[in-house]
Every structure is written in structure tokens, then in C-alpha cells.
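Undergrad: Sequence:
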Amino acid sequence: MIKYPMTVQGHRALEVEHEFLSKTERPRLSQAIGEARELGDLKENAEYHAAREEQGMVEARIRDIEGRLQNAVVIDVTTIPKTGKVIFGTTVEIANVDTDERVKYKIVGEDEADIKGGKLSHGSPIARALIAKEEGDVVTVKTPGGVIEYEIVEVAHI
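For the sequence shown, the residue numbers in UniProt numbering are 1 to 158.
Just to be clear, a hint being listed does not mean it is correct.
List time: in silico DSSO-like cross-link candidates among lysine-lysine, alpha-carbon distance up to 27 Å [claimed, not checked]:
1. K133 - K43
2. K23 - K85
3. K43 - K3
4. K82 - K133
5. K116 - K85
6. K43 - K82
7. K133 - K116
8. K43 - K85
9. K104 - K133
10. K104 - K142
Derived CB-CB ranges, DEER-like [said to hold, decoys possible]:
11. E17 - T140: 31 to 39 Å
12. D100 - A132: 34 to 42 Å
13. G34 - K142: 24 to 32 Å
14. V8 - E151: 23 to 31 Å
In short, the hints are calculated from the structure, not lab data. A quick note: this is a predicted structure, and the numbers were derived from the prediction, not measured. Virtual Cβ for every residue (Gly too), placed ideally from N, Cα, C.
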């Protein structure tokens with residue numbers, strides 16, 4: 001069985017999405033399908049077919065979320081003692097060795113990843129290079145643009 005590591009915030013976001021889909025979207029789509037059925041001939045009823053298709057996508061997403069929540073491994077990094085080592089859930093400030101450009105990333109589960117929001121999936125090349133390293137270490141990351149070296153400036157448990 002696949003386990004899904006996620007932060008407390010990521011787990012909560014999935015719960016919120018599940019509640020919205022189950023309690024708002026599911027009833028809305030059932031009503032739309034019922035109204036479209038009343039219009040008559042279902043073969044040529046675009047509203048009916050569109051609502052059924054959307055209902056199928058919503059139901060699939062609800063099942064996916066339920067599976068992820070059921071198999072979630074929630075990691076609250078604020079309860080783990082700070083060692084300076086990069087682990088799942090930590091926020092890492094890194095500096096490009098060549099340009100000294102600094103960025104911060106939080107290492108999160110795949111459902112939470114948002115590069116523009118500073119959240120890296122634990123399976124991304126940068127996160128894989130950082131995990132288990134410590135403040136002061138230099139890591140090498142292979143990117144499509146070439147190899148980049150980063151120094152780990154700070155590891156925070158926030």
C-alpha cells in the first residue's frame with residue numbers, strides 16, 4: 001500500500017477540498033443533472049452530458065482524496081527537534097554557490113508542491129539532493145540547464 005507523506009497544512013487542505021467537493025459540488029451536480037433530465041431527450045442534451053462528465057471528474061477526485069487521506073503519513077516538523085539536517089517538512093534556505101542568489105523552499109508532499117509558493121515536492125531533484133544534508137553542506141543538483149551547486153544556509157522547523 002502506498003503511503004503519502006504530507007505536512008499538517010497539506011493534510012488539512014485535502015480535508016477542506018474533500019468537504020467542498022462532497023458537500024457543495026456533489027449536490028450541485030446532482031441538481032444540474034436532474035434539471036437537465038427534465039428537458040427531455042438525453043441523446044441531444046448537452047447540459048446533461050456536461051453535468052454527467054463533471055460529476056464523474058468530481059467523484060474520481062473525491063475517491064482520490066479519500067485514498068490519500070486514508071494512507072496519509074502526517075509529519076508535523078514543529079514537533080521534531082532541530083538538528084540542522086534537512087528532513088521532510090523543513091524550510092530550507094539555500095544559496096547558489098556561483099551567484100549567491102538565495103531562495104527558501106519547504107519540503108512537502110507531492111499534493112502540496114507549488115514551486116512559485118516555495119513548496120518543493122520531496123521527490124523533486126532539488127529536494128532529493130537536500131534531504132539528509134545539513135546546514136553548511138554544499139549540494140549538487142542536475143537541472144535541465146546544467147549542474148548547479150547550492151549551499152544550505154539554514155534549516156528551519158516552521
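Undergrad: Confirm or reject each hint.
TA: Structure-based check of each hint:
no., hint, verdict
1, K133 - K43, "60 Å, violated"
2, K23 - K85, "41 Å, violated"
3, K43 - K3, "43 Å, violated"
4, K82 - K133, "13 Å, holds"
5, K116 - K85, "24 Å, holds"
6, K43 - K82, "62 Å, violated"
7, K133 - K116, "23 Å, holds"
8, K43 - K85, "61 Å, violated"
9, K104 - K133, "15 Å, holds"
10, K104 - K142, "18 Å, holds"
11, E17 - T140: 31 to 39 Å, "37 Å, holds"
12, D100 - A132: 34 to 42 Å, "24 Å, violated"
13, G34 - K142: 24 to 32 Å, "54 Å, violated"
14, V8 - E151: 23 to 31 Å, "29 Å, holds"
This entry does not satisfy hints 1, 2, 3, 6, 8, 12 and 13, going by the numbered hints stated previously.
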